[in-house]
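Peer 1: Note that the protein sequences, when read in sequence, are chains C and D.
Start counting the first sequence at 304; every next residue gets the next number (our numbering).
Start counting the second sequence at 304; every next residue gets the next number (our numbering).
Quick caveat, the hints were computed from the structure, so don't treat them as lab data.
One or more of the hints may lead you astray.
No distinction is drawn between identical chains; accordingly, a pair holds when it is met within one copy or between any pair of copies.
Pairs of lysine to aspartate or glutamate, EDC-like flavour, derived with a Cα cap of 20 Å [to be verified]:
| id | residue 1 | residue 2 |
| --- | --- | --- |
| 1 | Lys-512 | Glu-356 |
| 2 | Lys-457 | Asp-530 |
| 3 | Lys-504 | Asp-465 |
| 4 | Lys-457 | Asp-486 |
| 5 | Lys-457 | Glu-446 |
| 6 | Lys-398 | Glu-490 |
| 7 | Lys-520 | Glu-370 |
| 8 | Lys-398 | Glu-408 |
| 9 | Lys-452 | Glu-415 |
| 10 | Lys-398 | Asp-486 |
| 11 | Lys-398 | Glu-321 |
| 12 | Lys-504 | Asp-486 |
2 protein chains.
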Amino acid sequence: MIGADLVVLCVPVGAFAEIGQVIGPALKPGAVVTDTGSVKQSIIDSFQEWVPESCSFVPGHPIAGTEHSGPESGFAELFENRWCILTPSPDTNIKAVEAVTKFWEAFGSRIEIMDPQHHDLVLAITSHLPHLIAYTIVGTADELGDDIKSEVIKFSASGFRDFTRIAASNPVMWRDVFLNNKDAVLEVLQRFTEDLTALQKSIRRGDGKYLFDTFTKTRSIRHEIIDQGQADYKAPGGVVQEGTPPVVAKPATE
Amino acid sequence: MIGADLVVLCVPVGAFAEIGQVIGPALKPGAVVTDTGSVKQSIIDSFQEWVPESCSFVPGHPIAGTEHSGPESGFAELFENRWCILTPSPDTNIKAVEAVTKFWEAFGSRIEIMDPQHHDLVLAITSHLPHLIAYTIVGTADELGDDIKSEVIKFSASGFRDFTRIAASNPVMWRDVFLNNKDAVLEVLQRFTEDLTALQKSIRRGDGKYLFDTFTKTRSIRHEIIDQGQADYKAPGGVVQEGTPPVVAKPATE
Numbered sequence: 304m305i306g307a308d309l310v311v312l313c314v315p316v317g318a319f320a321e322i323g324q325v326i327g328p329a330l331k332p333g334a335v336v337t338d339t340g341s342v343k344q345s346i347i348d349s350f351q352e353w354v355p356e357s358c359s360f361v362p363g364h365p366i367a368g369t370e371h372s373g374p375e376s377g378f379a380e381l382f383e384n385r386w387c388i389l390t391p392s393p394d395t396n397i398k399a400v401e402a403v404t405k406f407w408e409a410f411g412s413r414i415e416i417m418d419p420q421h422h423d424l425v426l427a428i429t430s431h432l433p434h435l436i437a438y439t440i441v442g443t444a445d446e447l448g449d450d451i452k453s454e455v456i457k458f459s460a461s462g463f464r465d466f467t468r469i470a471a472s473n474p475v476m477w478r479d480v481f482l483n484n485k486d487a488v489l490e491v492l493q494r495f496t497e498d499l500t501a502l503q504k505s506i507r508r509g510d511g512k513y514l515f516d517t518f519t520k521t522r523s524i525r526h527e528i529i530d531q532g533q534a535d536y537k538a539p540g541g542v543v544q545e546g547t548p549p550v551v552a553k554p555a556t557e
Numbered sequence: 304m305i306g307a308d309l310v311v312l313c314v315p316v317g318a319f320a321e322i323g324q325v326i327g328p329a330l331k332p333g334a335v336v337t338d339t340g341s342v343k344q345s346i347i348d349s350f351q352e353w354v355p356e357s358c359s360f361v362p363g364h365p366i367a368g369t370e371h372s373g374p375e376s377g378f379a380e381l382f383e384n385r386w387c388i389l390t391p392s393p394d395t396n397i398k399a400v401e402a403v404t405k406f407w408e409a410f411g412s413r414i415e416i417m418d419p420q421h422h423d424l425v426l427a428i429t430s431h432l433p434h435l436i437a438y439t440i441v442g443t444a445d446e447l448g449d450d451i452k453s454e455v456i457k458f459s460a461s462g463f464r465d466f467t468r469i470a471a472s473n474p475v476m477w478r479d480v481f482l483n484n485k486d487a488v489l490e491v492l493q494r495f496t497e498d499l500t501a502l503q504k505s506i507r508r509g510d511g512k513y514l515f516d517t518f519t520k521t522r523s524i525r526h527e528i529i530d531q532g533q534a535d536y537k538a539p540g541g542v543v544q545e546g547t548p549p550v551v552a553k554p555a556t557e
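For reference, chain C alone in the conformation it holds in the complex (with noise of 0.2 Å):
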């Protein structure tokens, strides 16, 4: 018997099977169970049913982090401000969603409730794909000839290194991640390589028109995340700041 009145998994995505088989059995009668994981359907079908009537489960996911992993790289401000979302089912006690709510408030994070499907999406496009996009690009790097390999590490700074940091994540976490959320990646990887098929071909025709105003565009969703202080803003000096930037120093726009 587990004496733990709330139990938070923060394992793989793929490891929930077999977690629930060993710890159902064992979990105290009342029990909340929350979990970590990048991924929500998946772990409510493969975890649900070994969690006794008694007990509560309440998915969870705090959107927050880095590259990198285990609890050594952890810091007291890493959940401040961040979002956590939690997927549990209508029908699930609330007093268990209140009792993980209050658990994540005090770290800080701010809590949205949301169905684990539309989770499974959403963390698709702001997530999933854009690891999946910047483990291709280091992977194509990689298999450069080690002359201009070792070029690549060496002027990482005009762009690539943005995307080295996240292709550090750890591999158990995102092979699971990929496994198990499948058909929304597969869909958002489609649609992006419609576009990015769209821009290689206004390159190949010289279509500057296309690329100006493609680029155009994606520049007001950076301005709206760093007005929401979900990014960290570099100052002119190179200090790191949270949040919104002072107007002196809002990109040129020429």
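Since the structure of chain C is already known, use the hints to place chain D on it.
Peer 2: Below, chain D alone, put in the same frame as chain C:
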């Protein structure tokens, strides 16, 4: 007549032919001209012919900068410890190359001399492809319905926001880069697409081993970039530090 001994051109790559026509005849005899453009061969092709016999053109590319543009986005430490690539032709006056070298070293830059076409290939992978990919993924998100777009912004901390930073770069500058480095960009884009297709297939087939192996390989490049001091390292506590992380905070290897 321009009285300057050293002229530094900081304009979009597509503007060099026109600028050459205007300033070429007005350059002071013996003047040294350099530039900061992101593509080198096309600038040489369109600008060199306008430089008088008595003057020297030393093409340059400082590998530094943020997504912000314009003079007001500069700061004193911008070039410190960053590379600046010079691509002079073999018959350039050595004193002119030395003058431009000293100019950049005064800002703290390190100098690399390179063949212009080789520069364009290296930058196609380290800079032009990453920007193209970032513009694409942010554009893909932008075309989603308004409901899901607001959620993408809200939950961007999960990976997406890293792409929005470089996709907020100057559209005129980047239009000109792609129009003027077409062959190298299309070449590396082809390799990228092949690698992405292979990952897509492995997701569709549920090939966890291929995913795991790919995601493992890519970690080492990040560590080399950090070791070479070309990446900021976000230490536990959220404080950004330059260069090598303390040993205790190295990424967990699970």
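Peer 1: Is it within a copy, between copies, both, or neither that the alpha carbon of Lys-398 lies no farther than 20 Å from that of Glu-408?
Peer 2: For Lys-398 and Glu-408, only the intra-copy Cα distance (15 Å) is at most 20 Å; the inter-copy one is 63 Å.
Peer 1: Is it within, between, both, or neither for Lys-398 and Glu-490, if the alpha carbons may be no more than 20 Å apart?
Peer 2: neither (36 Å within a copy, 57 Å between copies)
Peer 1: Tell me, please, which holds for Lys-457 and Asp-486 at an alpha-carbon limit of 20 Å: within, between, both or neither?
Peer 2: So Lys-457 and Asp-486 fail the 20 Å test inside a copy (38 Å) and across (23 Å) alike.
Peer 1: Can you give me the call for Lys-398 and Glu-321, within, between, both or neither, at a CA distance of at most 20 Å?
Peer 2: Result: close neither inside a copy nor across copies, 27 Å intra and 70 Å inter.
Peer 1: Taking 20 Å as the upper bound on the Cα-Cα distance, should Lys-457 and Glu-446 be classified as within, between, both, or neither?
Peer 2: within (16 Å within a copy, 35 Å between copies)
Peer 1: At most 20 Å between alpha carbons: which applies to Lys-512 and Glu-356, within, between, both or neither?
Peer 2: Cα proximity of Lys-512 and Glu-356: none, with 61 Å in one copy and 36 Å across.
Peer 1: At most 20 Å between CA atoms: does that hold for Lys-398 and Asp-486 within a copy, between copies, both, or neither?
Peer 2: Classified as neither; 33 Å inside a copy, 61 Å across copies.
Peer 1: Quick one: Lys-504 to Asp-486, C-alpha cut-off 20 Å, is that within a copy, between copies, both, or neither?
Peer 2: between (27 Å within a copy, 12 Å between copies)
Peer 1: Since the copies are identical, ignore which copy is meant and state whether Lys-504 and Asp-465 lie within 20 Å (CA to CA) inside a copy, between copies, both or neither.
Peer 2: The answer is neither: 25 Å in one copy and 25 Å across copies each exceed 20 Å.
Peer 1: Could you figure out if Lys-520 and Glu-370 sit no more than 20 Å apart (CA to CA) within one copy, between two copies, both or neither?
Peer 2: For Lys-520 and Glu-370, only the inter-copy Cα distance (15 Å) is at most 20 Å; the intra-copy one is 29 Å.
Peer 1: Within, between, both or neither: how does the pair Lys-457, Asp-530 come out at a Cα-Cα threshold of 20 Å?
Peer 2: between (33 Å within a copy, 11 Å between copies)
Peer 1: Between the shortest in-copy and the shortest cross-copy C-alpha distance, which are at most 20 Å for Lys-452 and Glu-415: within, between, both, or neither?
Peer 2: The answer is between: 16 Å across copies meets 20 Å, while 43 Å in one copy does not.
When each numbered hint is compared with the structure, violations occur for hints 1, 3, 4, 6, 10, 11.
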